[in-house]
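Chain by chain, the residues:
Number of protein chains: 4
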Amino acid sequence: MAKQKVCVIIGVGPGNGAAYARKFAREGYVIALLSRTTEFGEALLPELTEGSRALSCDASDPAAIERCLATIEADMGPVDVLLYNAGSGGGWGSPEETTMEQFELGWRVNAQGLLKAAQSVAPAMKTKGAGAIIITGATASRRGGARTTGFAASKAAQRSLAESLAKHFWPMGIHVALIILDGVVDLPRTRERMADKPDDFFVKADDVADLAWSLTQQPRSAWSFEAEARPFGEKW
Amino acid sequence: MAKQKVCVIIGVGPGNGAAYARKFAREGYVIALLSRTTEFGEALLPELTEGSRALSCDASDPAAIERCLATIEADMGPVDVLLYNAGSGGGWGSPEETTMEQFELGWRVNAQGLLKAAQSVAPAMKTKGAGAIIITGATASRRGGARTTGFAASKAAQRSLAESLAKHFWPMGIHVALIILDGVVDLPRTRERMADKPDDFFVKADDVADLAWSLTQQPRSAWSFEAEARPFGEKW
Amino acid sequence: MAKQKVCVIIGVGPGNGAAYARKFAREGYVIALLSRTTEFGEALLPELTEGSRALSCDASDPAAIERCLATIEADMGPVDVLLYNAGSGGGWGSPEETTMEQFELGWRVNAQGLLKAAQSVAPAMKTKGAGAIIITGATASRRGGARTTGFAASKAAQRSLAESLAKHFWPMGIHVALIILDGVVDLPRTRERMADKPDDFFVKADDVADLAWSLTQQPRSAWSFEAEARPFGEKW
Amino acid sequence: MAKQKVCVIIGVGPGNGAAYARKFAREGYVIALLSRTTEFGEALLPELTEGSRALSCDASDPAAIERCLATIEADMGPVDVLLYNAGSGGGWGSPEETTMEQFELGWRVNAQGLLKAAQSVAPAMKTKGAGAIIITGATASRRGGARTTGFAASKAAQRSLAESLAKHFWPMGIHVALIILDGVVDLPRTRERMADKPDDFFVKADDVADLAWSLTQQPRSAWSFEAEARPFGEKW
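Chains as they are written, first to last, in the working numbering: chain A, 1 to 236; chain B, 237 to 472; chain C, 473 to 708; chain D, 709 to 944.
So that you can see chain A by itself, here it is in the shape it has in the complex (with noise of 0.2 Å):
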């Protein structure tokens, strides 16, 4: 029996998440879901493949990271494909605003943790020359503004990060891409926040993950590195 193949999901709530997961699973993938705590991950599992777990890992925690992933890797097999959705905001508000703490927890989260992540799974991508890196970046992650400070610098630092990964691991079959997010996820917190705002003002989960589905089904001789995810009606 062939074996089913692996995906991870760094950064599992109830937006991209776990629509990525769902969508994987319905392609046949094994899933694994990290994220720090593991209550939703574990509410998730019933609708996903057999074989799928939900593990406790800070993406903040380069170590944690790196041990969560061996551990994939030992009971689960190589991985296939890595869906880095981890996300912490790394501060709103303005420079004057922006603590040293969310600052640095931004960029470990967005930035450092995805650099370990693609270090621990690359070198069994590498062996079989194939695999993918799906992260899910931001508007932000193109550019800085008055009111994004944290968040901003992360994403940027982040999408760099995936420009060098893409260029690095891209000759040896691995395809690394980044989604551009530049809407608002329809969730019900943001329905709540945003009570005025008509259904189409949002980005469906959905569609998100089936964009990142799409990248991991590009043939390699013509693969995308940054995919825009934004509703028709958004101002741009």
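Hints were generated in silico from the structure; no laboratory data involved. Built from N, CA and C at the ideal position, the CB exists for glycine as well. Some hints here could point you the wrong way.
Stated by the list, open to error - So, partial list: chain B residues that the calculated Cβ filter (under 8 Å) puts toward chain C: (1) Ser330; (2) Pro331; (3) Thr334; (4) Gln338; (5) Trp343; (6) Ala347; (7) Gln348; (8) Lys352; (9) Ala360; (10) Lys364; (11) Ser396; (12) Leu397; (13) Ser400.
Let chain A serve as the given structure and place chains B, C and D on it in line with the hints.
Chains B, C and D in isolation, oriented as in the chain A frame:
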């Protein structure tokens, strides 16, 4: 019986144009092939959906574009997908070598023709609140080089126009997207010119066509505007 | 007696054009003012260096540009600084509203005219191994908007061309640079149209002229290509 | 007697740092030189304005930056110009070779230190409604490369942060700008490493210092944010 969807391809040759035609035909579209001369298009028709047609249309002549698209709409029905693939070089070489004629032709075909084509198909798309306009861009859409003077300037105008089209038409349900083709398409003539390059060096036109198709399938809560098609081994 | 340096300004009105003229005259240059009609230019001459001239030249006509620049070179000497400030709108409004005529005029004035002007002054600059070509761009040089269709497309072509010019001519000692004017120039007609705006809202043309001047003074080990001129209170 | 203006340089070595110091001293500023060790700075003092000082400050330590800048403000007066020139590599090499330590150090020095330094000088600048913060960036600020992993990621974070700083502080009269240094600075050690390169290949630190100076002199109706310093013969 449900009406077949109509796909118009402006600029049809043995590369992306033919691949676009085959892909959208396989997906059930009836195809209108527009190019200066109809020989190539007519030879392709047997591979396409019944009812597909090849029309002579000079993309550097806005009146011709308008006329052709009116004919298509009258004979085949409103256009669902416009693939703008016309691409005169526009003048390779340095700014000193580029002639006014090359420079103008590039702009007419890459930029002005796109504006007229979009204006021609937009009314029917607006009525439906749906449709797609996918444009074949290039790395040169993003920057000018010392020896890409006319080509890059016309592709930059096209990219800017594509962005204006997107910002204007997206909220009406019309998906405008730009493919950044960052590589050399695999063709007998490019193979001959670059005989020392391995298979992996080239972009396969079928893979670009798959990308164009996937763009037309994106749900409107998560549309992409710019989508790269770059071989995995490409330096960038 | 040392020969006076020659500065040509293509596109002279009460904003940047006049400010460029005054600044370079103060710095000792003899000035050639090119615009469709010479009234404004002639009225400006008394403020400029002796020997300065106003010539009629339609920037949308490459032959006229070539002729004018040949006349200037014959009468005043080789051009040291070319300030390309011509700027027909090129069509404001949505892609549906923009006419072929507007779209073409914008491209002729913003892009084609620049190519011809650069080709005309380049030989003498190459002979000296020195010279400067400074172009007045805009925010729209960088992106297309829903209502800046023709203007943005022509400015994008201009920016790409400026980049090709820079990459080609810099190594010959000719400094090509693009000013990104990101704001509204302070003029009687803009003040009237935006009567509610404070002084600080506007870009002062004299300040843009200082920037153009400073670009021509950069030592060649540290040249800038793109230089923003943005009011300190501008949102971006 | 009018109080002398104060210029702080964080990161002082034989390249840009020393050139910044000499330039701003020539323009009448009293200079505070901050670097991990004070030997180089102290040796430079005799060339600078009387009252200039060299202080030991580790730019990877926010508390040290805060302390040093408080000392300077207490002893020398409020800071008029902050030149942020600190720059640990942050890890050259591929994503596989880059260690967590290198990656973190790069971010601390290039991004976190800038945030703390800006927070430290801002209150006095806000009180005056004037001041300048000029940051030495690099080509890597704009993109990640296969072998610039840690350096590029930290410079990208710095650039995004610089943009947030600019958008926040410009309206208060504080000019934040980023120099994109696109070339190799002319130094004994770079000359030795690239002994085959001609004089023209190198960026002269004095020319970068002139650019930094010119940015601080821009009138506020026409400020630049990003300013390239690129040798005229550079490929880009």
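Now the hints, each set against the structure:
1. Ser330: This hint holds: B:Ser330 lies near chain C, its Cβ roughly 5 Å from the closest one there, short of 8 Å.
2. Pro331: holds (5 Å)
3. Thr334: Cβ of B:Thr334 sits 7 Å from chain C, so the hint holds.
4. Gln338: violated (10 Å)
5. Trp343: holds (6 Å)
6. Ala347: holds (6 Å)
7. Gln348: Where the cut-off is 8 Å and the nearest Cβ of chain C is about 6 Å from B:Gln348, the hint holds.
8. Lys352: At about 7 Å, which falls below the 8 Å cut-off, the nearest Cβ of chain C leaves the hint on B:Lys352 intact, so it holds.
9. Ala360: violated (13 Å)
10. Lys364: violated (16 Å)
11. Ser396: holds (3 Å)
12. Leu397: holds (4 Å)
13. Ser400: Holds, about 4 Å.
Violation of the numbered hints given earlier is confined to hints 4, 9 and 10; the remaining hints are satisfied by the structure.
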